[in-house]
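A.B. asks: Residue strings, one per chain:
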Amino acid sequence: MKTNDVIFQTVAKVVFFMIIFFAVRIFFAGHYYPGGGFVGGLLTSGAIVLLLLAFDLKTVKKILPVDYKWLISLGLLFATGTAAGSVLFNVPFFTHAYDYFQLPLFGKTSLHTAMLFDLGVYLVVIGVTMTIIQTIGESE
Amino acid sequence: MINLPILPILIPLVAAIILIFLAKSIYAQRIVSVIASIATIISSIMIMAKVKSDGIQTVDMGSWPAPFGITLVSDMLSVLLVLTASVITLCVILYSFRSIGNGRERFYYYPIVQFLLLGVNGSFTTGDIFNLFVFFEIMLMSSYVLIVIGGTKIQLRESIKYILVNVISSAIFVMAVGFLYSVTGSLNMAHISARISEIGSEPIITVLAVLFLIVFGLKGAIFPLYFWLPGSYSAPPAPILALFGSLLTKVGIYAILRTYTLFFYHDQPFTHDILSLLALLTIVAGVIGALAYRDVKQILIYNIIIAVGVLLFGIATMTDESLAGTVFYLIHDMIIKAALFLLGGIIIYIAGTSNLNKMGGLILQYPALGWTFLLASFALAGIPPLSGFTGKLLIVRSGFAEGEYVGAIVVLLSSLAVLYSVVNLFMGAFWKTTETPLPDVKKRTGSLFIPVVVLVLLSVLYGVGTEFVYPYVMHAVDVLIHPEIYIDAVLKE
Numbered sequence: 000m001k002t003n004d005v006i007f008q009t010v011a012k013v014v015f016f017m018i019i020f021f022a023v024r025i026f027f028a029g030h031y032y033p034g035g036g037f038v039g040g041l042l043t044s045g046a047i048v049l050l051l052l053a054f055d056l057k058t059v060k061k062i063l064p065v066d067y068k069w070l071i072s073l074g075l076l077f078a079t080g081t082a083a084g085s086v087l088f089n090v091p092f093f094t095h096a097y098d099y100f101q102l103p104l105f106g107k108t109s110l111h112t113a114m115l116f117d118l119g120v121y122l123v124v125i126g127v128t129m130t131i132i133q134t135i136g137e138s139e
Numbered sequence: 000m001i002n003l004p005i006l007p008i009l010i011p012l013v014a015a016i017i018l019i020f021l022a023k024s025i026y027a028q029r030i031v032s033v034i035a036s037i038a039t040i041i042s043s044i045m046i047m048a049k050v051k052s053d054g055i056q057t058v059d060m061g062s063w064p065a066p067f068g069i070t071l072v073s074d075m076l077s078v079l080l081v082l083t084a085s086v087i088t089l090c091v092i093l094y095s096f097r098s099i100g101n102g103r104e105r106f107y108y109y110p111i112v113q114f115l116l117l118g119v120n121g122s123f124t125t126g127d128i129f130n131l132f133v134f135f136e137i138m139l140m141s142s143y144v145l146i147v148i149g150g151t152k153i154q155l156r157e158s159i160k161y162i163l164v165n166v167i168s169s170a171i172f173v174m175a176v177g178f179l180y181s182v183t184g185s186l187n188m189a190h191i192s193a194r195i196s197e198i199g200s201e202p203i204i205t206v207l208a209v210l211f212l213i214v215f216g217l218k219g220a221i222f223p224l225y226f227w228l229p230g231s232y233s234a235p236p237a238p239i240l241a242l243f244g245s246l247l248t249k250v251g252i253y254a255i256l257r258t259y260t261l262f263f264y265h266d267q268p269f270t271h272d273i274l275s276l277l278a279l280l281t282i283v284a285g286v287i288g289a290l291a292y293r294d295v296k297q298i299l300i301y302n303i304i305i306a307v308g309v310l311l312f313g314i315a316t317m318t319d320e321s322l323a324g325t326v327f328y329l330i331h332d333m334i335i336k337a338a339l340f341l342l343g344g345i346i347i348y349i350a351g352t353s354n355l356n357k358m359g360g361l362i363l364q365y366p367a368l369g370w371t372f373l374l375a376s377f378a379l380a381g382i383p384p385l386s387g388f389t390g391k392l393l394i395v396r397s398g399f400a401e402g403e404y405v406g407a408i409v410v411l412l413s414s415l416a417v418l419y420s421v422v423n424l425f426m427g428a429f430w431k432t433t434e435t436p437l438p439d440v441k442k443r444t445g446s447l448f449i450p451v452v453v454l455v456l457l458s459v460l461y462g463v464g465t466e467f468v469y470p471y472v473m474h475a476v477d478v479l480i481h482p483e484i485y486i487d488a489v490l491k492e
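Heads up: the protein sequence lines correspond to chains Z and W, in order. So the first sequence is numbered by numbering that gives the first Met the number 0: it starts at 0 and just counts up by one. So the second sequence is numbered by numbering that gives the first Met the number 0: it starts at 0 and just counts up by one.
If you're looking for bench data, these hints aren't it; they were derived computationally from the structure. One thing to keep in mind: the hints can contain errors.
Unchecked claim - With a straight-line Cα cutoff of 30 Å, these simulated DSS-like cross-link-like pairs (lysine-lysine) come out:
#1 LYS441(W) to LYS357(W)
#2 LYS12(Z) to LYS57(Z)
#3 LYS23(W) to LYS442(W)
#4 LYS57(Z) to LYS160(W)
#5 LYS49(W) to LYS491(W)
#6 LYS431(W) to LYS441(W)
#7 LYS357(W) to LYS60(Z)
#8 LYS442(W) to LYS152(W)
#9 LYS49(W) to LYS152(W)
#10 LYS12(Z) to LYS68(Z)
#11 LYS442(W) to LYS431(W)
#12 LYS23(W) to LYS61(Z)
#13 LYS68(Z) to LYS23(W)
#14 LYS68(Z) to LYS152(W)
#15 LYS61(Z) to LYS12(Z)
#16 LYS160(W) to LYS68(Z)
From just these sequences and the hints, can you work out the full model?
C.D. replies: This is how it looks when you write it as structure tokens:
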């Protein structure tokens with residue numbers, strides 16, 4: 000049976016980007032407010048799953064030619080690297096650094112190494128979720 | 000370098016991440032695995048030297064001071080075990096090159112082994128009870144992958160049992176940690192110890208002690224919680240079995256040793272008597288299994304259970320002599336079990352079966368293998384001057400000194416049973432003549448044999464060099480007997 004999903008596909012193309020931007024918003028909010036890498040990662044993979052539903056596995060692979068297992072280890076690398084950076088400065092493992100910077104457009108902004116760690120979490124969450132969903136999807 | 004204790008955890012982690020990137024190239028994976036394992040060994044030797052000269056090393060993660068943050072604590076006991084685990088992992092990786100098969104190598108075998116080492120080293124090093132749970136989980140998840148990787152029928156069947164048992168025991172673990180937190184208001188192990196000694200021997204502490212015994216007993220395979228072990232461990236191939244048999248159960252034993260000397264030493268007539276009783280029942284159950292089977296894997300697996308019983312009896316006796324014996328025997332058992340399982344793997348590879356009744360006469364074609372196996376068997380049984388002797392001697396002697404005659408005699412008799420079971424194995428596989436003539440073509444076993452020889456050699460040196468090892472072990476026992484040393488080192492009072 001061939002289903003007509005023109006509306007779904009058209010909406011998905013727009014909503015995909017809305018979810019992604021919201022995910023980024025949540026990701027950066029995580030520093031002081033609820034949110035962060037984990038939720039941001041889940042939202043992002045939610046967006047990709049939406050594409051999967053609207054189109055199919057092959058099309059999505061063409062749009063996002065990423066090996067998600069690779070993404071897991073990239074995320075782990077970020078997280079571990081942030082934590083291990085403290086080894087170079089001879090302070091206890093996992094010690095973070097932060098400071099306030101005057102940036103153009105943003106104004107006074109605090110930059111924190113915890114963000115890099117969170118980026119690692121974000122990537123790992125996307126990688127794991129998508130690997131699981133792809134593996135289940137492929138077997139059908 | 001204040002981050003020294005983290006290195007044996009960090010190096011396997013980084014190695015595992017790099018190995019995932021290298022999934023396509025098996026040769027690169029092998030090289031990185033070996034380099035990382037050697038680096039882990041070197042870093043643990045450095046920590047050992049540091050601990051020997053400067054006492055217990057601690058790292059407060061993220062610069063949050065103890066007891067608020069997570070603290071990693073390297074005392075002599077943990078660093079000795081970390082070193083042993085790292086050496087065994089290196090040997091197993093070398094052994095895997097020829098035996099594990101391309102399929103498994105391509106499906107993330109090497110990264111998972113590094114993750115397993117990360118979990119094991121972390122469990123030995125952490126000074127935070129909830130963090131111990133986390134490292135246990137890392138170790139267990141890696142072991143789930145290792146038990147199912149390859150996907151043969153028996154592996155799939157046994158992995159379901161294995162995962163079910165471990166998920167339940169992990170759930171109990173979290174509950175027990177929660178109870179402990181509600182009683183003491185802390186998760187830092189040193190802080191908990193200090194708080195418990197203020198409370199004294201309240202009944203609730205004893206309940207917690209039993210709860211933790213159930214958790215660690217399930218992981219460490221003590222009677223009657225060992226039921227899952229013989230089946231699950233017989234499923235994976237030899238190198239994975241060697242990792243499981245020499246590392247996983249020992250982490251459970253380490254956790255019992257740590258908690259029963261640091262937390263639950265106030266109500267010894269109750270808790271340590273239970274421990275002693277369970278130890279003896281574990282030995283008996285293990286002996287029955289080891290003598291009953293005619294299968295290479297099963298005989299060796301039941302020998303794990305016997306060793307668990309002996310170690311537990313050493314902990315239960317709780318004198319400095321018996322604890323020294325326990326530490327001695329723990330390290331000995333890790334090395335020799337790994338060696339024996341790898342040897343068993345070679346035997347199965349040559350004979351093509353693990354059934355003792357269907358093999359024999361291997362000594363004619365593989366004399367070196369045969370005599371190495373016999374040497375390892377003698378070491379396992381504890382024949383002087385090999386490595387099992389010192390540990391057992393100390394455990395038995397302290398048992399007699401404390402008036403635990405039944406226990407000490409059971410431990411002694413268990414050595415006889417161990418000797419009988421492994422010599423039986425030797426006779427069956429190597430000595431007796433077979434009806435069917437052996438194939439003329441000799442299978443090449445050289446590259447499999449070398450890591451095993453290294454392990455057996457280490458075990459022999461460990462036995463002969465007892466004099467050299469003794470100060471290190473006594474250093475470890477000192478902390479176990481005097482929890483104040485541990486508490487002071489962590490809380491820096």
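A.B. asks: Please go over all the hints and tell whether each is borne out by the structure.
C.D. replies: Hints versus structure:
no., hint, in the structure
1, LYS441(W) to LYS357(W), "holds, 18 Å"
2, LYS12(Z) to LYS57(Z), "holds, 16 Å"
3, LYS23(W) to LYS442(W), "holds, 29 Å"
4, LYS57(Z) to LYS160(W), "violated, 36 Å"
5, LYS49(W) to LYS491(W), "holds, 18 Å"
6, LYS431(W) to LYS441(W), "holds, 18 Å"
7, LYS357(W) to LYS60(Z), "violated, 52 Å"
8, LYS442(W) to LYS152(W), "holds, 27 Å"
9, LYS49(W) to LYS152(W), "violated, 48 Å"
10, LYS12(Z) to LYS68(Z), "holds, 25 Å"
11, LYS442(W) to LYS431(W), "holds, 20 Å"
12, LYS23(W) to LYS61(Z), "holds, 21 Å"
13, LYS68(Z) to LYS23(W), "holds, 12 Å"
14, LYS68(Z) to LYS152(W), "holds, 26 Å"
15, LYS61(Z) to LYS12(Z), "holds, 15 Å"
16, LYS160(W) to LYS68(Z), "holds, 27 Å"
Hint compliance for this structure: hints 4, 7, 9 are broken, all remaining hints hold.
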